Amino acid sequence: MKMTKNRLVTAIVIVLILVCSYFFMGPQPNNMIGVSPQISEVAQSTASEPSEHTIEPKSKSSEDLTEVGKAKDSTASTESGESGEPETLSTESALTETEVPLQEESQVTDAPSAVKPSGAPNASDGSIKKPIDKSTSTPKVTVGSNPDTEQVIDLKTGKDQYQTAPVPEGKAMPVEPQDVTISDKALTATLSISAEAILNNIDLLDKEKVELVPEDGVIFSPREVTFYEGESVFNLLLREMKQNKIHMEFVNTPIYNSAYIEGINNLYEFDCGELSGWMYKVNGWFPNYGSSRYQLQEGDVIEWVYTCDLGRDVGDTYLLQNGKTGSGESTP
Amino acid sequence: MSDRFESYHPVINFIYFASVLIFSMVFMHPVMLGISLLCAIVYSFMLKGRKALMFNLLYMMPLLLIMAVMNPAFNHEGVTILFYLKSGNPITLESILYGVAAACMFVTVIIWFSCYNAVMTSDKFIYLFGKVIPALSLILSMVLRFVPRYRTQIQAISNAQKCIGRDITQGNWFQRAKNGVTILSIMTTWALENAIETADSMKSRGYGLPRRTSFALYRFDRRDRSVLLIMCGLITVLLIGTLKGETAIRYFPSIKIPDMAPFSVVVYVSYAVLCLVPVILSLVEVVKWKSIESRT
Numbered sequence: 001m002k003m004t005k006n007r008l009v010t011a012i013v014i015v016l017i018l019v020c021s022y023f024f025m026g027p028q029p030n031n032m033i034g035v036s037p038q039i040s041e042v043a044q045s046t047a048s049e050p051s052e053h054t055i056e057p058k059s060k061s062s063e064d065l066t067e068v069g070k071a072k073d074s075t076a077s078t079e080s081g082e083s084g085e086p087e088t089l090s091t092e093s094a095l096t097e098t099e100v101p102l103q104e105e106s107q108v109t110d111a112p113s114a115v116k117p118s119g120a121p122n123a124s125d126g127s128i129k130k131p132i133d134k135s136t137s138t139p140k141v142t143v144g145s146n147p148d149t150e151q152v153i154d155l156k157t158g159k160d161q162y163q164t165a166p167v168p169e170g171k172a173m174p175v176e177p178q179d180v181t182i183s184d185k186a187l188t189a190t191l192s193i194s195a196e197a198i199l200n201n202i203d204l205l206d207k208e209k210v211e212l213v214p215e216d217g218v219i220f221s222p223r224e225v226t227f228y229e230g231e232s233v234f235n236l237l238l239r240e241m242k243q244n245k246i247h248m249e250f251v252n253t254p255i256y257n258s259a260y261i262e263g264i265n266n267l268y269e270f271d272c273g274e275l276s277g278w279m280y281k282v283n284g285w286f287p288n289y290g291s292s293r294y295q296l297q298e299g300d301v302i303e304w305v306y307t308c309d310l311g312r313d314v315g316d317t318y319l320l321q322n323g324k325t326g327s328g329e330s331t332p
Numbered sequence: 333m334s335d336r337f338e339s340y341h342p343v344i345n346f347i348y349f350a351s352v353l354i355f356s357m358v359f360m361h362p363v364m365l366g367i368s369l370l371c372a373i374v375y376s377f378m379l380k381g382r383k384a385l386m387f388n389l390l391y392m393m394p395l396l397l398i399m400a401v402m403n404p405a406f407n408h409e410g411v412t413i414l415f416y417l418k419s420g421n422p423i424t425l426e427s428i429l430y431g432v433a434a435a436c437m438f439v440t441v442i443i444w445f446s447c448y449n450a451v452m453t454s455d456k457f458i459y460l461f462g463k464v465i466p467a468l469s470l471i472l473s474m475v476l477r478f479v480p481r482y483r484t485q486i487q488a489i490s491n492a493q494k495c496i497g498r499d500i501t502q503g504n505w506f507q508r509a510k511n512g513v514t515i516l517s518i519m520t521t522w523a524l525e526n527a528i529e530t531a532d533s534m535k536s537r538g539y540g541l542p543r544r545t546s547f548a549l550y551r552f553d554r555r556d557r558s559v560l561l562i563m564c565g566l567i568t569v570l571l572i573g574t575l576k577g578e579t580a581i582r583y584f585p586s587i588k589i590p591d592m593a594p595f596s597v598v599v600y601v602s603y604a605v606l607c608l609v610p611v612i613l614s615l616v617e618v619v620k621w622k623s624i625e626s627r628t
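In order, the protein sequence lines correspond to chains A and B.
FYI, the numbering for the first sequence is 1 to 332, going by my numbering.
FYI, the numbering for the second sequence is 333 to 628, going by my numbering.
Since the hints were made in silico from the structure, they are not lab data.
Honestly, I wouldn't trust all of these hints.
Said to hold, decoys possible - Residues from chain B shown here face chain A by an in silico Cβ test under 8 Å; the list is partial:
no.	residue
1	Glu409
2	Val411
3	Ile413
4	Tyr416
5	Lys418
6	Pro422
As the list claims (entries may be wrong) - Residues from chain B that face chain A, not an exhaustive set, calculated with beta carbons under 10 Å:
no.	residue
7	Asn407
8	Asn421
9	Thr424
10	Gln493
11	Cys495
12	Gly497
13	Thr501
14	Gln502
Said to hold, decoys possible - Derived DSSO-like pairs: lysine-lysine, alpha-carbon spacing no greater than 27 Å straight-line:
no.	chain 1	residue 1	chain 2	residue 2
15	B	Lys418	A	Lys245
16	A	Lys242	B	Lys456
17	A	Lys209	B	Lys622
18	A	Lys207	B	Lys576
19	B	Lys576	A	Lys185
20	A	Lys209	A	Lys156
Only a predicted model underlies this, so the values are computations on that prediction, with no experimental measurement involved.
Quick reminder that beta carbons are idealized off the backbone N, C-alpha and C, glycines included.
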């Protein structure tokens, strides 16, 4: 192929356009570069200190990278050391680590819902039901008094049928909304909606949306709201937003069997950087499953918060914990 | 009224369509959308008469309605909540209006392209781009010709088959299907043969040999220059207006339109004049002809 003048000019123009688009791409979240090393480092040193995940200087990231490499090597070596053992044993040990006690005292009231783990076709081929009674060491399935509180985990993926990793000890299990019957017994919970995290990242926010953020970032101040027994966090949010004339858009995602909240008060996901969106926490914990699957209890404190950094800026430690082991193997 | 704009230099034609198409795609301001849509309909009517009107009414209107409804069904952004869907998502005024605007824009661009196809024939296109991108312009002009060409050919085959009672309109449904397959088979054979013939013909005429020139009857004369200058002036006004934000509009989260000012009227008028350049030229021609005729 002959290198004519036209071709040369075209190549230069293309390169120029690429360079320009690189420089005029707009503001980027400033901690994009050090994300994974940062997580691993924090997890290695002190997993219990959430305040340490501050922004890393860029120069350090290469160092961190090597560290990560080392860590990987070490884990690989331990794995190879264990490889002689039969696989069933290792899975069993993983099991005992992820045990979650029954929460009968909190969930018994939902007995009318009588949940069957209907969509568990993989229960026979290497999947187990959680939680397991602590006293029995054999992986016996407890089809216990309350089926509400179990999470069927597929051992191959380490997740349940709706892509949820094991729920930490002592936290509420997901309850599938299709299995729930909502009674008309009115209960109360506390609901609040806040976009406070945007205030620290206002330069990342879509210019057209700045006017939507309140001075203090509070969209829905904490207040007592009524819900009906059996309802989920999503049901409550939907009703309250309708009643209070606050805009809210969601989309149902069948793969997670839950609604996904795209935007509240016209503040949408990705409006404040690529890592932004709405998250919810109940009693201070960010559930690792969708809001349609979180069944409310009397007196729950529900907070919807807008994050600009995948939850790290609003106090979610899920990523930090999972950065440590990768598969959600252990709890802190 | 015949279209005089077609007889202008290809550069003029191309600049006109390129600018009008780009502006139609970019401007979401309701006034600009309305101007563009109206002018496109007028020009397509002038070019193709009642056929264009039928096309616009039969295909474009339903398309416009469907697209206008589609947007609020899937997009729920906006501060003005009108009512709630059964699923729980809100229907907002902003998403409806944005849907209407987007549908208008879509339809307008399609109509402009139908005009483009009528005016910018493939010889004009090759004349313009044959030097810069020879292979691509040839392929483009051939591909763009395929659909109308195949349609006329299939019509010819169908007519010939009708003479011997083997058209898809004749016989019972099984016979019809059989005839249809036969027509398709004839069509495929013809297409393959035609491709080989085209290639042979091009080869025998020395396509692709170096130092070959092509003949074209186009001449850039005074009227072309004056039209070009006028169009450049109008485009400049529009660009300045765009830079000053006169054509901007914000749909989400709430609708925000810049206030009307004398300058925005200037921008609207220049946009309308730019879109109507071919119509105005034809009108001027008609008036001139009439006056000459009456003098003699």
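A quick look at each hint next to the structure:
no. : hint                : verdict
1   : Glu409              : holds (6 Å)
2   : Val411              : holds (6 Å)
3   : Ile413              : holds (6 Å)
4   : Tyr416              : holds (6 Å)
5   : Lys418              : violated (12 Å)
6   : Pro422              : holds (6 Å)
7   : Asn407              : holds (8 Å)
8   : Asn421              : holds (6 Å)
9   : Thr424              : holds (7 Å)
10  : Gln493              : violated (48 Å)
11  : Cys495              : violated (53 Å)
12  : Gly497              : violated (55 Å)
13  : Thr501              : violated (47 Å)
14  : Gln502              : violated (50 Å)
15  : B:Lys418 x A:Lys245 : holds (16 Å)
16  : A:Lys242 x B:Lys456 : violated (59 Å)
17  : A:Lys209 x B:Lys622 : violated (58 Å)
18  : A:Lys207 x B:Lys576 : holds (18 Å)
19  : B:Lys576 x A:Lys185 : violated (59 Å)
20  : A:Lys209 x A:Lys156 : violated (43 Å)
In this structure, the hints that do not hold are numbers 5, 10, 11, 12, 13, 14, 16, 17, 19, 20, in rising order.
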